[in-house]
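S.K.: Next come the chains, spelled out residue by residue.
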Amino acid sequence: MGDSQYSFSLTTFSPSGKLVQIEHALMAVGSGQTSLGIKATNGVVVATEKKLPSILVDETSVQKIQLVTPNIGVVYSGMGPDSRVLVRKSRKQAQQYFRLYKETIPVTQLVRETAAVMQEFTQSGGVRPFGVSLLIAGYDDNGPQLYQVDPSGSYFSWKASAMGKNVSNAKTFLEKRYTEDMELEDAIHTAILTLKEGFEGQISGKNIEIGIIGTDRQFRVLSSSEIDDYLAEVE
Amino acid sequence: MVKMTDLPTKGGFSFDLCTRNQMLLDKGVQMPPFRKTGTTIVGLVFQDGVVLGADTRATEGPIVADKNCEKIHFMAPNIYCCGAGTAADTEAVTDMVSSQLQLHRYATGRESRVVTALTLLKSHLFSYQGHVSAALVLGGVDVTGPHLHTVYPHGSTDTLPFATMGSGSLAAMSVFESKYREGLTREEGIELVAEAICAGIFNDLGSGSNVDVCVITKGQTEYLRNYQLPNPRTYISSKGYSFVKGQTAVVVTKLVHVEAIFQLRVDEWQYRINWGLVQCLC
Chain A
1 MGDSQYSFSL
11 TTFSPSGKLV
21 QIEHALMAVG
31 SGQTSLGIKA
41 TNGVVVATEK
51 KLPSILVDET
61 SVQKIQLVTP
71 NIGVVYSGMG
81 PDSRVLVRKS
91 RKQAQQYFRL
101 YKETIPVTQL
111 VRETAAVMQE
121 FTQSGGVRPF
131 GVSLLIAGYD
141 DNGPQLYQVD
151 PSGSYFSWKA
161 SAMGKNVSNA
171 KTFLEKRYTE
181 DMELEDAIHT
191 AILTLKEGFE
201 GQISGKNIEI
211 GIIGTDRQFR
221 VLSSSEIDDY
231 LAEVE
Chain B
1 MVKMTDLPTK
11 GGFSFDLCTR
21 NQMLLDKGVQ
31 MPPFRKTGTT
41 IVGLVFQDGV
51 VLGADTRATE
61 GPIVADKNCE
71 KIHFMAPNIY
81 CCGAGTAADT
91 EAVTDMVSSQ
101 LQLHRYATGR
111 ESRVVTALTL
121 LKSHLFSYQG
131 HVSAALVLGG
141 VDVTGPHLHT
151 VYPHGSTDTL
161 PFATMGSGSL
171 AAMSVFESKY
181 REGLTREEGI
191 ELVAEAICAG
201 IFNDLGSGSN
211 VDVCVITKGQ
221 TEYLRNYQLP
231 NPRTYISSKG
241 YSFVKGQTAV
251 VVTKLVHVEA
261 IFQLRVDEWQ
271 YRINWGLVQC
281 LC
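Residue numbers (the UniProt record's numbering), protein chains in the order written: chain A, 1 to 235; chain B, 1 to 282.
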């Protein structure tokens, strides 16, 4: 109850020790479309629902899963425009890292820098936290990696994770289905099944998006026909 | 506050140091020689795309600083740039524009265009008023076709079917002017470029060593590093030298006994040499 008096200002702690604005940001994420990621032994897969506000929207113009470097991709849950800003900044940071060290940025470094940006917006005046959680999937010299970054700026490495509307069901499903020796193909099937769990309506290549990265270290977003093929395999 | 777009920094280039340099020159102080790339760089357009060529000598005044440097720089998978002038400047400016092009590709989702690289380069060079000493031959193939441009240190550009830059440019241009024609095949284009670079290598002191060639066509780029090696290094005998006993006259022989004592302590090693024969040749 006392918390609500502290909910207007980002830079003020509430008596219980929370920054209420960040809690609200997490609520924004929690009401966003479901997205998930699974780390396999030889790659990472990320997937998200792509529910468009109307059938009139040209779905080919919308791409939720974005590339940051050739070997790192990112998907979000929450406010799309906020994720665009973060992706733009991350791309620039990756380029700056390369210009400075002549080495492609390791996944952990990129995650750290993106998280630092998100944290900045929780400790500055006149700004609000980002209303997105990001799932960053990459493959570098340390193998396949999957990180989740929250609006507070905290990040964790996950073997499999989900965020958005259906998070609890999806996570339970993933806990049951995940195995340590899963390969990329199995991971893609598991990702599709997890999305199917909470999907309202008919799932197809047009209303979900899947991004994969394998040992070739090239992140790519699957085309809708490829997704339809996987859906046919899963059925 | 975080800005959504990155505004250019206020104030621009500070010319203070340039004024200082001029003052020093007037007083008679010599500028230290910086590594220039001497250089012959060329490019030509053939029927399927562009061919770029460069020599591989980097000079520091009269000294060859690098016998096999790379003067053809990557800008985008379909765009390469040869650089003449100050080596650091060409490296830095091409790296910077390459980085900007990559960000642009992510933002647009499209292949980079040669004119984009050209405009980024010339705007940068112009804003530095010629102090960034980079003379470039930029070539590539994009959706609008093959393009070849030259960029001068002050920021002016030319669009040409064949171009040469650097101290060996006149030697190379003579080859192009006599032998270039439209509609060359790939093999003819590569041969002509190699000939032009060789003309620069043999007739210009600032250029030398090997020929690098880069062929860019629609959908494919081939970087032929050290395509020709017209100046092979002849090394001294690989067997090495044998120093036979008696080749050097022995003047004095002195035998010295030396003692070695090994003491092992927990915290430190101590030793002196024990047995040994030391023959002094003086």
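Because the hints were derived from the structure by calculation, they are not lab data. Among these hints, one or two may not hold up.
[Unchecked claim] Below are the BS3-like pairs computed for lysine-lysine, each with C-alpha atoms no more than 25 Å apart in a straight line:
1. K50(A) x K89(A)
2. K51(A) x K92(A)
3. K122(B) x K92(A)
4. K67(B) x K102(A)
5. K92(A) x K18(A)
6. K196(A) x K50(A)
[What the hints assert, rightly or not] Sample of chain A residues lacking proximity to chain B, with all beta carbon distances greater than 12 Å (derived):
7. K18
8. N42
9. V87
10. Q109
11. E197
12. E235
Glycine residues also receive a C-beta, built at the ideal position from the N, C-alpha and C atoms.
S.K.: Compare the structure with each hint and give your call.
M.R.: Status of the hints after comparison with the structure:
no. : hint             : in the structure
1   : K50(A) x K89(A)  : 23 Å, holds
2   : K51(A) x K92(A)  : 29 Å, violated
3   : K122(B) x K92(A) : 22 Å, holds
4   : K67(B) x K102(A) : 23 Å, holds
5   : K92(A) x K18(A)  : 32 Å, violated
6   : K196(A) x K50(A) : 13 Å, holds
7   : K18              : 24 Å, holds
8   : N42              : 26 Å, holds
9   : V87              : 8 Å, violated
10  : Q109             : 17 Å, holds
11  : E197             : 31 Å, holds
12  : E235             : 32 Å, holds
Of the numbered hints given earlier, the model fails hints 2, 5 and 9; all others are met.
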